[in-house]
Amino acid sequence: MTHLPFLVRPVPVRCTPFVVTLGLGVLLAGAPAGAATIRPAARIGQAGAGAGASAAHTGPEHTGAAHMGKDARQSWTLPDCMSMVEEDPFGARDYAQDWLKHGGNREARHCHALALLELGNEQEAAQELDDLVRNAPSSGPESSASLRAVMAEEAAEAWLSAGNPPGALSIVDYGLSIRPGDTTLRLAKARALLEQGNAAAVVADLTSLVARGADAPPEAFVLLASAERRLGQLDKATQHITLALQRMPENAAALLERGIIREQVGDATGARADWQHVLDVAPDSHEADLARQDLAVLAADPDSP
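Per the UniProt record's numbering: the sequence shown = residues 1 to 305.
No lab work stands behind these hints: they were computed from the structure.
In this text, all values refer to a predicted model and were calculated from it rather than measured experimentally.
By construction, the Cβ of each residue, glycine as well, lies at the ideal position given by its N, Cα and C atoms.
A portion of the hints provided could be inaccurate.
[Said to hold, decoys possible] Pairwise CB distance ranges, derived in the manner of DEER restraints:
| id | residue 1 | residue 2 | range |
| --- | --- | --- | --- |
| 1 | Asn105 | Gly266 | 55 to 65 Å |
| 2 | Pro137 | Lys101 | 18 to 28 Å |
| 3 | Glu250 | Pro137 | 37 to 47 Å |
| 4 | Ser138 | Glu250 | 30 to 40 Å |
| 5 | Asn135 | Val265 | 40 to 50 Å |
Please put together the full structure from these sequences, using the hints given.
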């Protein structure tokens, strides 16, 4: 069982950093990673009450914005659009499409792409975000390196979710050419490299990142531990996942990863406890689904205590 759990961290209006752990399951610990799954929970915030939607939407799923006609809205704003992405992605999509029809440009396209990502249209979302990064204006606020780096990370996560690690690596490398050393992009690159089974490259890059100690993001320790585990460096993996959990003890992705490491060093009891803890702290998460799979495998093992 090969799995790559993703846990998404909250995002400001123009930014989408992702907290992600990648781990192999207990049966195929040495196998190449499979397609990533992106779960953009808590990406934007609560649904906005002031945003409308285009009459073009015909599906029954849309609930939040169709009640407001075009005449009720005099302007479109990025915060209004982004506020709907999580709770009402159909409304956000329609709002962005209506905005585009009325002169919206890059901000409307950005919101539209994130709505598509929330709706599961990862390929189109990735292409849209990728284009926004590569074809930014040469001047003005939207040309800023920091904003383009944010979009590059979003595009990378969308490419990974669409099962396209080469696309993710391409846009991350492009983003790093704009903003060298960007921590979020380095983590996105690590996730893409792990997807391609290149754990050695992840260790080489993230070892220097975690050397920053308290300034290093907790996710870096989880990704590094996952890479070290894949390389059979279980002592180092244990050390780094312990450091991650010291900083975020209830993090489902870190708990899942520690459970995998514990199973591989022969601590089935500890692995079972970690995976059960995942179910306790995040029962509806992707990590919980993976923990249930691992618990089932462990339960089926006649040699397991």
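Open item on the list: Please list, smallest to largest, the hint numbers that this structure does not respect.
Closed with: Hint check: 4 fails alone, others pass.
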